[in-house]
Amino acid sequence: ILNVEQSPQSLHVQEGDSTNFTCSFPSSNFYALHWYRWETAKSPEALFVMTLNGDEKKKGRISATLNTKEGYSYLYIKGSQPEDSATYLCAFQSTADSWGKLQFGAGTQVVVTP
Amino acid sequence: DTGVSQNPRHKITKRGQNVTFRCDPISEHNRLYWYRQTLGQGPEFLTYFQNEAQLEKSRLLSDRFSAERPKGSFSTLEIQRTEQGDSAMYLCASSLGHGSDTQYFGPGTRLTVL
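Residue numbers (this note's numbering), protein chains in the order written: chain A, 1 to 114; chain B, 1 to 114.
Just chain A, same shape as in the assembly (with noise of 0.2 Å):
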């Protein structure tokens, strides 16, 4: 993986149900992988910053696992709601650019249906 890719592209979701996706990244000169959500009209919103090859990360009903070794994070939502409808980003920080560039996946756009 040469660049940052995000599955799928889009989501439904029904209310109460549980749901998870993927970011894929390079597996070498690893830095550090961020997650944000993105609701239409706000700002992107910081979830995590994962830096620890097996790293698991919870906020609320949100949680998130990294495996630097073979490039991915799953990102779960347990029991989704429909304020959790959001575009979904990760972005790969290399060690070449540890001072903060981040590269970003397309995102994952997750709708969830009352």
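Since the hints were made in silico from the structure, they are not lab data. What you are looking at is a predicted structure, and each value in this text was computed from that prediction instead of being measured. Don't take each hint at face value.
Partial pick of chain B residues on the chain A-facing surface, computed with a CB cut under 8 Å [unchecked claim]:
(1) PRO8
(2) GLY16
(3) GLY42
(4) GLU56
(5) PHE65
(6) PRO70
(7) PHE74
(8) PHE105
(9) GLY106
Label pairs and their computed distance ranges (CB to CB) [what the hints assert, rightly or not]:
(10) B:THR20 to A:GLY16: 24 to 32 Å
(11) B:ARG110 to A:ASN3: 35 to 43 Å
(12) A:VAL111 to B:GLN80: 37 to 45 Å
Heads up, the beta-carbon is just placed ideally off N, CA and C, and yes, glycines get one too.
Knowing the structure of chain A, use the given hints to seat chain B on it.
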């Protein structure tokens, strides 16, 4: 509100005109970033300031683009002789200044070039 602010939120201009956007970062943050997002893509890095010094510029930043951060506070991004391909969402982010620090984003300026 102590978050990152951007003005204007929307800008419509005719091809060939100059436009300027402003970003006000979180006050104690010494790092400031500009990104650009086009339809269907994730945000792409444009440039980075540490205090008032512009330390990195992407190859995406043609000579029609210029950014400043006088006195290390707010920043401006100017596009001269706009082209239709400049139509995008321009995002600003700031961080405290440690490697993998969270970058806090503003709501963006949506530019439409007619």
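Against the structure, the hints come out as follows:
no.	hint	result
1	PRO8	14 Å, violated
2	GLY16	29 Å, violated
3	GLY42	3 Å, holds
4	GLU56	7 Å, holds
5	PHE65	17 Å, violated
6	PRO70	20 Å, violated
7	PHE74	16 Å, violated
8	PHE105	4 Å, holds
9	GLY106	6 Å, holds
10	B:THR20 to A:GLY16: 24 to 32 Å	47 Å, violated
11	B:ARG110 to A:ASN3: 35 to 43 Å	25 Å, violated
12	A:VAL111 to B:GLN80: 37 to 45 Å	39 Å, holds
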